[in-house]
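Protein chains: 2
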Amino acid sequence: MTIYNFCAGPAMLPTAVMRKAQQEFCDYQGLGVSVMELSHRSSDYMAVAERAEQDLRELMGIPDNYAVLFLHGGARGQFSAIPMNLLGQGKALYLETGQWSVAAAEEAEKYGEIDRLDLRCESQTLDLSRIPDTAGYTYVHYCPNETVDGVAMFEIPEVQAPLVADLSSCILGRELDVSRFALLYAGAQKNIGPAGLTLVIVRRDLLGHADPKCPAILDYTLAAQHDSMYNTPPTFAWYLAGEVFQWLKQQGGVAEMAARNRAKANKLYDFIDGSDFYQNRVAPGHRSEMNVTFQLHDAQLDQRFLAEAEASGLKALKGHRMVGGMRASIYNAMPEAGVDALVRFMDEFARTHAEAGRA
Amino acid sequence: MTIYNFCAGPAMLPTAVMRKAQQEFCDYQGLGVSVMELSHRSSDYMAVAERAEQDLRELMGIPDNYAVLFLHGGARGQFSAIPMNLLGQGKALYLETGQWSVAAAEEAEKYGEIDRLDLRCESQTLDLSRIPDTAGYTYVHYCPNETVDGVAMFEIPEVQAPLVADLSSCILGRELDVSRFALLYAGAQKNIGPAGLTLVIVRRDLLGHADPKCPAILDYTLAAQHDSMYNTPPTFAWYLAGEVFQWLKQQGGVAEMAARNRAKANKLYDFIDGSDFYQNRVAPGHRSEMNVTFQLHDAQLDQRFLAEAEASGLKALKGHRMVGGMRASIYNAMPEAGVDALVRFMDEFARTHAEAGRA
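Order-wise, the sequence lines are chains A and B. Residue numbers for the first sequence follow my numbering, so the first one is 81 and each next one is one higher. Residue numbers for the second sequence follow my numbering, so the first one is 81 and each next one is one higher.
Be aware that a few hints might be false.
Which copy is meant is left open, so a pair is good if it fits within one copy or across any two.
What the hints assert, rightly or not - Pairs of lysine to aspartate or glutamate, EDC-like flavour, derived with a Cα cap of 16 Å: (1) 190 x 124; (2) 293 x 186; (3) 347 x 235; (4) 329 x 135; (5) 190 x 291; (6) 329 x 202; (7) 347 x 255; (8) 329 x 291; (9) 171 x 189.
Think of the hints as simulated: they come from the structure by calculation, not from any bench. What you are looking at is a predicted structure, and each value in this text was computed from that prediction instead of being measured.
Pulled out of the complex, with its shape left as it was, chain A reads as follows:
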């Protein structure tokens, strides 16, 4: 049975990448040791690290005046690092569109003056017209893809202040004009690699202003000065991220992934919208292409749905514990065949249980 893993994160990685990593797990390029057993300062490992950065620069079109940092931890570490590196005595604006942007704002409040602005409206839409003049802010933070509700903000907000975005759940999933941002960051465990690695892409002119109490491992300036090797980086996660970048290039890059992701998401949303049995409550212009949430018309069937899905090889469809329902996370690594299998299963489950309801 083919298994399709819809986990929101740690998420599935591309099958081809996992097979290659397995094959060379104990013997990287004939060296007789694992890539995770190499010194991070060895020429063999440095080549791994540098290629990963170059491939990411190419995939995202990252201009030279941006540093690319490979740091420890996940996005939550950056919730602290961003104000500690950028805020100084200034004030930042946090746009709230879901649980993650709220969590980022709450953590940032520990470090200085933060204004919080909720963009969420009734009927799960977002009102970007609420965004004020931001010229007085040191930076504006937002999260373009909120995994819990499956809500996306596709437009880059038009702001005067430097813009910071949490791309944890959508990086490399569609094209993005990096030059419109001051800082982009992403925990790896959704679209990049294993948990324990975070990417930070930061305009170099913003470096050099870290809070004196910023822990060394969260200090962007130190990281940039030392090519992310001030301390031992998470070498295996960095390597695996690099393998994912190579795979993305082989697939045709971000534009190709964006087309595939749109096709996968549309297929799933179209099926849900055409069904009386399932529904998605997010306003059409803000439906995530990465995390498709849906509810059964009868929540009492949830456990049965999950058990039968699992038995059919469709794993981790349970919605986030804060909101319940279902969630299919269909990041870059999820093939269209996985979405097809899910739609087939959902269709069959609906027909079986709709009939049972009528009987």
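Based on the hints, put chain B in the right spot on chain A.
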């Protein structure tokens, strides 16, 4: 050719562990997905996490009044976390025995009042009699094994203040009475697993006093409250650490590893001491059992030594860039056969080049 990897870190992991991890890399226990693709909140992963903690508690004899935390990053993250969690308005004493304890003290100085006391004397020995009455200190920090010079402090210092130790390069290498410590910590990449994971073992009564500006990912209280899952932990590294703990139990536990480590180190030091060609400068009572440093009588032969060693399958023997010379890191995962191979090579190299020198 058998390869022996003497890297100081990221270091080799037990061969049996690496082979098992390779085998189940794409399909963990028949689930059809990798352990790194499992949600950290799934029952399958929770079992992995809990078993790792229980095995570590058993291996080290960790009393119930200590929390065991599996955190992101390496020891450097803890250099910041320790003062941010423990120091408050107090004053701490940092004992300096090498580069790592000095680095820990420098980072701690960002967060409060730190006294630094250098224990290093001429002829690479340590003078523990310099340690003053410590009753007034909030804690005393030291590093029992310094990897750069290969210097160890085997005695636990007799101090009145709560004692904190950086075990990054010696954890599980010999027995330790955990109850004599307030806090123990260790980056994983030497004796535990891949880089990107740090263990913290902390007496629970010390929790609850974190600096309000302590980043959430470095806050021990949050980590303890959430069983190290306040944020997504580095799941694959945690799993691999658990596999190493299982392997250690199968080998006979820490007492058995301690005996093996002593035998390996003695074999190497005895050979060096009996040779005119090599020397180790560390005072006998402070020679590390984990990192054996040595110098060739003629440093001009260093490059040749390293190249020929590499060609013989003996990898990563180059000393730390700050001190030069050679270093053989022989952590738990290094079998005695690796030390035997190294001694044979060193002996042959010495005979060849001593003769060449005379010719």
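Verification of the supplied hints:
no. : hint      : verdict
1   : 190 x 124 : neither (41 Å within a copy, 35 Å between copies)
2   : 293 x 186 : between (19 Å within a copy, 12 Å between copies)
3   : 347 x 235 : neither (22 Å within a copy, 66 Å between copies)
4   : 329 x 135 : within (8 Å within a copy, 42 Å between copies)
5   : 190 x 291 : both (13 Å within a copy, 10 Å between copies)
6   : 329 x 202 : neither (40 Å within a copy, 56 Å between copies)
7   : 347 x 255 : neither (20 Å within a copy, 59 Å between copies)
8   : 329 x 291 : neither (38 Å within a copy, 44 Å between copies)
9   : 171 x 189 : within (10 Å within a copy, 27 Å between copies)
This entry does not satisfy hints 1, 3, 6, 7, 8, going by the numbered hints stated previously.
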